[in-house]
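Q: Top line first, the protein sequences correspond to chains A and B.
Start counting the first sequence at 1; every next residue gets the next number (our numbering).
Start counting the second sequence at 1; every next residue gets the next number (our numbering).
Heads up, a few of these hints could be off.
Just so you have them, the derived chain A footprint on chain B, three or more residues with Cβ under 8 angstroms [as the list claims (entries may be wrong)]:
#, stretch
1, 246-254
2, 279-293
3, 339-350
In silico DSS-like pairs for lysine-lysine, Cα to Cα no more than 25 angstroms straight-line [stated by the list, open to error]:
#, chain 1, residue 1, chain 2, residue 2
4, A, K314, A, K290
5, A, K126, B, K101
6, B, K126, A, K126
Note that these hints are calculated values from the structure, not bench results.
Heads up, the beta-carbon is just placed ideally off N, CA and C, and yes, glycines get one too.
Below are the chains, spelled out letter by letter.
Number of protein chains: 2
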Amino acid sequence: MDALIHKSQDFVFHQEVPPNGGPPLNRLISEFVTPEPDFFLRTHGDIPELDCTTYRLTVAGLVGKPYRFSLKELRQQFPVQEMPATLQCAGNRRCSASAIKPVPNEVHWGNDAISNAVWTGCSLAKVLTFVGFPGHAKHVEFIGTDLCQKEGTETRFGGSIPLARALLGDVLLAWGMNGQPLTREHGAPLRVIVPGYIGARSVKWLQEINLLLTPSRNLFHAHAYRLFAPSVSSSSADWEHGLELGELSVNSCICAIEEVSNGLSVRGYATAGGNRHVVRVDVGYGEPLKWIEGSFQDPAEAGVWRRWQAHTPKLLVGELICVRAWDSAANTQPEDPESVWNFKGYMNNAWHRVRFGMPWENVKLAKPEIEYYL
Amino acid sequence: MDALIHKSQDFVFHQEVPPNGGPPLNRLISEFVTPEPDFFLRTHGDIPELDCTTYRLTVAGLVGKPYRFSLKELRQQFPVQEMPATLQCAGNRRCSASAIKPVPNEVHWGNDAISNAVWTGCSLAKVLTFVGFPGHAKHVEFIGTDLCQKEGTETRFGGSIPLARALLGDVLLAWGMNGQPLTREHGAPLRVIVPGYIGARSVKWLQEINLLLTPSRNLFHAHAYRLFAPSVSSSSADWEHGLELGELSVNSCICAIEEVSNGLSVRGYATAGGNRHVVRVDVGYGEPLKWIEGSFQDPAEAGVWRRWQAHTPKLLVGELICVRAWDSAANTQPEDPESVWNFKGYMNNAWHRVRFGMPWENVKLAKPEIEYYL
Chain A
1 MDALIHKSQD FVFHQEVPPN GGPPLNRLIS EFVTPEPDFF LRTHGDIPEL DCTTYRLTVA
61 GLVGKPYRFS LKELRQQFPV QEMPATLQCA GNRRCSASAI KPVPNEVHWG NDAISNAVWT
121 GCSLAKVLTF VGFPGHAKHV EFIGTDLCQK EGTETRFGGS IPLARALLGD VLLAWGMNGQ
181 PLTREHGAPL RVIVPGYIGA RSVKWLQEIN LLLTPSRNLF HAHAYRLFAP SVSSSSADWE
241 HGLELGELSV NSCICAIEEV SNGLSVRGYA TAGGNRHVVR VDVGYGEPLK WIEGSFQDPA
301 EAGVWRRWQA HTPKLLVGEL ICVRAWDSAA NTQPEDPESV WNFKGYMNNA WHRVRFGMPW
361 ENVKLAKPEI EYYL
Chain B
1 MDALIHKSQD FVFHQEVPPN GGPPLNRLIS EFVTPEPDFF LRTHGDIPEL DCTTYRLTVA
61 GLVGKPYRFS LKELRQQFPV QEMPATLQCA GNRRCSASAI KPVPNEVHWG NDAISNAVWT
121 GCSLAKVLTF VGFPGHAKHV EFIGTDLCQK EGTETRFGGS IPLARALLGD VLLAWGMNGQ
181 PLTREHGAPL RVIVPGYIGA RSVKWLQEIN LLLTPSRNLF HAHAYRLFAP SVSSSSADWE
241 HGLELGELSV NSCICAIEEV SNGLSVRGYA TAGGNRHVVR VDVGYGEPLK WIEGSFQDPA
301 EAGVWRRWQA HTPKLLVGEL ICVRAWDSAA NTQPEDPESV WNFKGYMNNA WHRVRFGMPW
361 ENVKLAKPEI EYYL
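Chain A extracted, bound-state conformation:
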């Protein structure tokens, strides 16, 4: 393990090289803003160590003459913006998918590939407007500094978002996290924050921004983060045909269950993608399921999670508890993880089910104790 990584003592690493992990679930939802030592860590290769003073961001592609910005120039030339945004990996909740059918060669995420922070930086829209771009530019590519092994070659991590999304004003080039300078493991000196999108588009250790006609050809965009039907395998996949992941789907998880005087207090998080926000959480218990509505601890805001809580009657050990969320476009989660299974284990947003006092239902975790209850 990289000795420079500073995470909580009980942070759970699902993979050591490169390091990937998250905090215990009950602590994940203990605060609206996740403290940096608890913030989930997603890396695809080495963790670069960059010098803030010599760092330069290149903006190139269809902009004509490439621009190079120092960190100081970005901080002085553009208004400073601060905003909360929840990052969530497309592989969050993969554990329930791989319990249905194995998902090899991917990080075995539990429900912990998600965290929320307050980011400080400048608006990508303002930077793009400053450099100017032609009308035929349609995509904005982000390339990191990190070198990753992918399909037998060494490549820098990257991906793109539609230019129209980049211009909405809430995509940040961030140098701060929770009021502190960005740490090395979270992308210092500069990273992208794309609210409502899969975490992979919030590229860390940002080296280049390229204006493009078409989506990025970077392997982490063109040959990863695409969604296929359950029947497609890694050998039969036509990468051009898969759903190019971008906006997140609606999702929710149970993170903590506590016995209270007259029943159970059930708590968790819920998220929505794009410009949508979470509007409702339904918590079901028993068999047949009885549904109650959860109440929210956090306000409704696009791109930001809402922690929720619900109070169920007393349950017996082994009785079912599940959750599903609704977003502001009336989308809700599918019931069965089998019906959304795909060979990369992305975007599992089936109802989250647990059995009271037992490990997750249907989940064969390497470390099941981290998701035990009571």
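Since the structure of chain A is provided, determine the placement of chain B on it from the hints.
A: Using the frame of chain A, we list chain B on its own:
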């Protein structure tokens, strides 16, 4: 029936006064652009008959001095825009919801409360920019000329959308439909078209636009078109708490099944809401379900349906066929209509299931023959 309504001979009226209905399903998907005589008809009250020459649109509210536009002024002052947009009622597919548990006092829509047309008009964004509005304006209310009975009072139909949505440039004030002047039953002389939103926001016979601080208090916005949990009834509903419907959820339907030489040709439509488009359709058949991927007849475009087709092996009478769609934010449809049931029967987007050669499964239609197959 209003003698001035010109619909196809086999148009199916689910209600006569006010008139509400749609075309037979197999014809619904016969063309990308629905011919006007087949376009579904949704009315809440009388159908106004307005004189184009004396017609005026008022733009008021937070704009300061109200503006009044004649149709001629709108046509001459702003660039003419033409675009396809699919309209879909929030009550589409109510029949499968009310088969679970009755949904009284609502139009008993089948899968036919949807159609696609090419609309001609001017951009609402350009009109709003022309009149100007203060920074604290947040919602745009549309009020029609039609008088409707609602909660014991007579009220004009209306509703609102967020100003940010109105400014995206693709919300039209439309006077034309499929290259012809808008007909009286579809809102002449002027109606709103809000792509990706529930049809109720595409207000017909448009009389007023009001810039507001908060969403519309019109009864058809504040006391209708809200989504509640299955446990909520009309008597227990807290209208302030329900999900204020806006963007559509992802949906799909089977509309036609034909025997071909070596199996069945299954066809239908799929839709996505907001700025999302339909990316995939999965067609399942048999028990246990086998899934195949449908192919699309129409391009992927936000706010516009995609008709699809799939080819299954031969099936026995009574065998199951179902469909579910995926949107570009990786949202998919829930499996079970019971889990999305609500007392208004809105936004039923559960997998659409039929049994080969039989009426819809679980559906007690007043006119079951319209949805019989083979």
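Q: Please flag the earlier hints that this structure goes against, numbers listed from lowest up.
A: 5
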